[in-house]
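Quick note, the sequences are listed as chains A and B, same order. To convert, take the position in the first sequence, counting from 1, and add 333; that gives the working numbering. To convert, take the position in the second sequence, counting from 1, and add 65; that gives the working numbering.
The set of hints was computed from the structure by calculation and includes no laboratory data. Since the structure is predicted, the reported quantities are computational estimates derived from the model, not experimental observations. Beta carbons are placed, not taken as given, at the ideal position from N, Cα and C, and that holds for glycine. Check the hints yourself; a few may be wrong.
Stated by the list, open to error - Calculated pairs, DSBU-like style, for lysine-lysine (alpha carbon to alpha carbon, straight line, at most 30 Å):
hint, chain 1, residue 1, chain 2, residue 2
1, A, K551, A, K561
2, A, K464, A, K454
3, A, K561, A, K542
4, A, K514, A, K454
5, B, K149, A, K542
6, A, K408, A, K514
7, B, K149, A, K441
8, B, K149, A, K464
9, B, K149, A, K355
10, A, K355, A, K551
11, A, K408, B, K149
12, A, K514, A, K453
13, A, K551, A, K639
14, A, K561, A, K639
15, A, K460, A, K514
16, A, K454, A, K408
17, A, K453, A, K464
18, A, K460, B, K149
Unchecked claim - From the derived model, a few chain A residues whose C-beta atoms are all more than 12 Å from chain B:
hint, residue
19, P372
20, G446
21, E531
22, E615
23, I617
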Amino acid sequence: MAAMVQIQDLRKVYDGGFEALKGVNLDIEEGEILALLGPNGAGKTTLISTICGITLPSSGSVTVGGYDILADYRKTRGLIGLVPQEINLEPFEYVRNTVAFSRGLFGKPRNDGRVEEILKKLSLWDKRDSKIMELSGGMRRRVLIAKALSHDPRVLFLDEPTAGVDVELRRDMWDIVAQLKADGVTIILTTHYIEEAEAIADRVGVISKGELLLVEDKSTLMTRMGRKELRVDLQDPLTALPDSLSDFDLALAEDGLSVTYAYDTAAERTGIARLVGAFSAEGIVIRDLQTSQSSLEDIFVTLVHKTEDAA
Amino acid sequence: MNTQAVLSIYRFEMARFFRTLAQSFISPVISTSLYFVVFGAAIGSRIAEVEGVSYGAFIVPGLIMLSVMTQAISNASFGIYFPKFIGTIYELLSAPVNFLEIVLGYVGAAATKALFIGVVILATSALFVDLQIAHPLAMIAFMVLTCISFSLFGFIIGIWARNFEQLQLIPLLVVTPLVFLGGSFYSISMLPPLWQTVTLFNPVVYLVSGFRWSFFGLADVPVGLSLLAILGFTALCLGIIWWIFRTGWRIRG
Ligand SMILES: Nc1ncnc2c1ncn2[C@@H]1O[C@H](COP(=O)(O)OP(=O)(O)OP(=O)(O)O)[C@@H](O)[C@H]1O
Ligand SMILES: [Mg+2]
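All chains should be modelled from the sequences, with the hints used to inform the complete structure.
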């Protein structure tokens, strides 16, 4: 089956001449959760806005469910639900009405039962007859999600859904995302929280300065890009590392009681056995060994910096 | 056709109107009454009749036109400007709707409100003066067409405006003067010849004249020309809105 969302060489130049997307290619599979990571101004919102029809692409093409977003905009937009980054809501409107309004706007006939289900799922049922301005920030964000879900979309875009949200609501949000995924909804979310991408995404895309630097399976990404560290605890403190160990990438702790060795898991040999051998040849007694893997966050920072240095 | 969307927008816009129904009703009643007191008493005592019609009755069509035009513009311009201002327009832009459906919803609601005001003023006027309507169907047609075309015009202003000042600018600087100078409160034939010619460049003259004809059978310009003018204006506004949505001007970045 073709990808649910197919983005081909998508470029966006804003009116002022700023190129916010520089030829993005991306296929998003049906039913997956894709997390887009990237620093402020990377082009995440621009990418989403273009797919949803809020901004016009300068060139390139996008299809959703096999339909072109420009030629068949009714079909593609009907498939898409969007939770925008900013909390844009009419302050005087009532919760229930605004959700029903969204449903109608997307061409679905009135269905009070469905609206009720959605409000309950998002713990907003108690607030159904409140005005938006009477809600807290977290509740408003949930109203945005309820609006986006009101027409039962097959593709859901969540633009920083957990920005400024407390831990509990973030967990709720993750649960909601998991439920939607179970229903087969394709989900694209942007976030600045790497732990979020690690926790819920199937694939991770990294975008910076309008370019998609990589898209990969979360676990592959972490093993392929991941650097591991081996910490060697010593029996007796060392004042300096012996010269014979200089071809290893080692760092001696200040107290001289441990040495960290950084190595690449992708390399053919990790060099651990050789290192241990070199230690005993020097007569250094090893007390303990432990390894740790770098997180997505480290990977992300490395990637973005690498491209910044290259530029 | 996404009828659900049209109805949703229409209902949403009308809800705002119904929330302030008393206010929407009372203000035109009061302002109409004031016009009759001021214009009717002060000027009417000097001008008894215009072309055989009592001055009080003569100004009714102009009075209705003035309110209908300004109401249509302000309702429609605010209706589309507000979502732009608070950012809820994202939803409209990402919805499976075309320009016609958006226009039907917003402009339909604005025109309905303006029509309501027009009817209220007509009814209020009937309390002050003796009114006969010579061509009721033509009267309704002119009123409805004016509501629609000026709501379309207001919609364009709402999209064009980048701030609240601009939103007020066109109605204040262009529309109100044109309406006041458009023969709302006098007959063009009362002006010196040069001004009569100048006035013919004012589009509002054609609307007021046609509308007044439907009441009294009196017109400054041929009624066919009035009809043509208002249909032309409607078509022009529709064309501009179609272009706006095609190019995304000031709405789609
Ligand atoms: N309407 C606009 N006109 C001109 N430039 C714009 C416009 N919208 C965004 N940009 C620019 O495009 C770039 C990408 O913006 P975008 O909002 O897509 O970033 P983002 O990745 O969503 O950032 P953030 O994490 O801060 O939300 C930025 O440099 C921004 O200044
Ligand atoms: Mg953004």
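Tested hints:
Proposed proximity of K551 of chain A and K561 of chain A is supported: the alpha carbons are some 16 Å apart, at most 30 Å. Between K464 of chain A and K454 of chain A the CA atoms are separated by roughly 19 Å; this keeps the pair inside 30 Å, and the hint holds. Distance hint between K561 of chain A and K542 of chain A is fulfilled; the C-alpha atoms sit about 28 Å from each other, no more than 30 Å. This hinted pair checks out: K514 of chain A and K454 of chain A have alpha carbons roughly 14 Å apart, not beyond 30 Å.
Restraint check for K149 of chain B and K542 of chain A: satisfied, since their Cα atoms lie roughly 27 Å apart, inside the 30 Å limit. Our distance criterion of 30 Å between C-alpha atoms is met by K408 of chain A and K514 of chain A, whose separation comes to about 21 Å. A C-alpha spacing of about 24 Å is found between K149 of chain B and K441 of chain A, which places the hinted pair at or below 30 Å, so the restraint holds. Between K149 of chain B and K464 of chain A the alpha-carbon distance is near 20 Å, which keeps this suggested pair within the 30 Å criterion.
For the suggested pair K149 of chain B and K355 of chain A, the alpha carbons sit about 28 Å apart, so the restraint of at most 30 Å is met. Distance restraint check for K355 of chain A and K551 of chain A: the Cα-Cα separation of roughly 24 Å lies within the 30 Å cut-off, and the hinted pair is therefore satisfied. Proposed proximity of K408 of chain A and K149 of chain B is supported: the alpha carbons are some 24 Å apart, at most 30 Å. The hinted pair formed by K514 of chain A and K453 of chain A meets the criterion: a straight-line CA distance of about 18 Å does not exceed 30 Å.
With a C-alpha separation of about 20 Å, the suggested pairing of K551 of chain A with K639 of chain A holds against the 30 Å cut-off. Note on K561 of chain A and K639 of chain A: the hinted pairing holds, with a Cα-Cα distance of about 19 Å set against a maximum of 30 Å. A hinted pair counts as satisfied when its Cα atoms are at most 30 Å apart, and K460 of chain A with K514 of chain A qualifies at roughly 26 Å. For the hint pairing K454 of chain A with K408 of chain A, the CA-to-CA distance comes to about 26 Å; that is within 30 Å, so the pair holds.
A hinted pair counts as satisfied when its Cα atoms are at most 30 Å apart, and K453 of chain A with K464 of chain A qualifies at roughly 17 Å. Between K460 of chain A and K149 of chain B the CA atoms are separated by roughly 26 Å; this keeps the pair inside 30 Å, and the hint holds. No beta-carbon of chain B is positioned within 12 Å of the beta-carbon of P372 of chain A; the least distance is around 21 Å. The Cβ of G446 of chain A sits about 17 Å from the closest Cβ of chain B, beyond the 12 Å cut-off, so the non-interface label holds.
With a least beta-carbon separation of about 29 Å from chain B, E531 of chain A lies farther than 12 Å from that chain, consistent with its non-interface assignment. Even its closest Cβ contact with chain B, about 64 Å, leaves E615 of chain A beyond 12 Å, as expected for a residue assigned away from the interface. Every CB of chain B is more than 12 Å from the CB of I617 of chain A (nearest about 63 Å), matching its label as outside the interface.
Consistency with the previously given hints is maintained throughout, with no hint failing.
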